[in-house]
Amino acid sequence: MKFTNTLLIGFTLLLLVSCGQTTIEKKWTLDDINIEALLKTVPDENKAMMKNGVEENVAKAKGKLVLDFQKGGKVVTENPKMDETISKETGTWKLSNDSKLVTVPIADMPQDFTILELSKDKLIIEPIVFVSSTLVNIN
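When the letters of the sequence shown are read in order and numbered with the working numbering, they come out as residues 18 to 156.
Errors might be hidden in some of the hints.
[As the list claims (entries may be wrong)] No more than 27 Å apart at the CA atoms, straight line, and that leaves these computed lysine-lysine pairs for DSS-like:
hint, residue 1, residue 2
1, Lys81, Lys44
2, Lys98, Lys68
3, Lys111, Lys68
4, Lys98, Lys117
5, Lys98, Lys79
6, Lys68, Lys57
7, Lys44, Lys64
8, Lys117, Lys64
9, Lys137, Lys68
10, Lys91, Lys117
11, Lys98, Lys111
12, Lys98, Lys139
13, Lys139, Lys79
14, Lys88, Lys57
15, Lys81, Lys139
16, Lys117, Lys44
17, Lys117, Lys57
18, Lys139, Lys57
19, Lys57, Lys98
20, Lys79, Lys68
Think of the hints as simulated: they come from the structure by calculation, not from any bench.
The structure displayed is predicted, hence computed values, not measured ones.
Work out the full structure: start from the sequences and follow the hints.
Have a look at this one:
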């Protein structure tokens, strides 16, 4: 499950929703994943199996997978596992000088995300490598 969630975060577009100021420094939770965009990266013969697995994992992770961007560059991720427990990881995040790219450690590896939209209640980020998911603020 951890690998699958890493895949979902690392290879997907993240839509995050929040309230308050226009800043990435908030606690965000998974709300949705653009499965069709993700499937564009998968060979045709694997799409049906991948779609079923992703849909099941999104349903389990929705509202539970958390990215908490804290002041000072600290990030805490909460990742649901197959046994229904939550794995917490702490690392540092970095925003590019132009505020268009955020780097987050996923499974101890830096992952770059393009910031497509940031408002007081929504953040949409897209991994440089692949495709799509949605998160909402839980503060």
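* What hint numbers does the structure not satisfy? -> 3, 4, 7, 8, 9, 14
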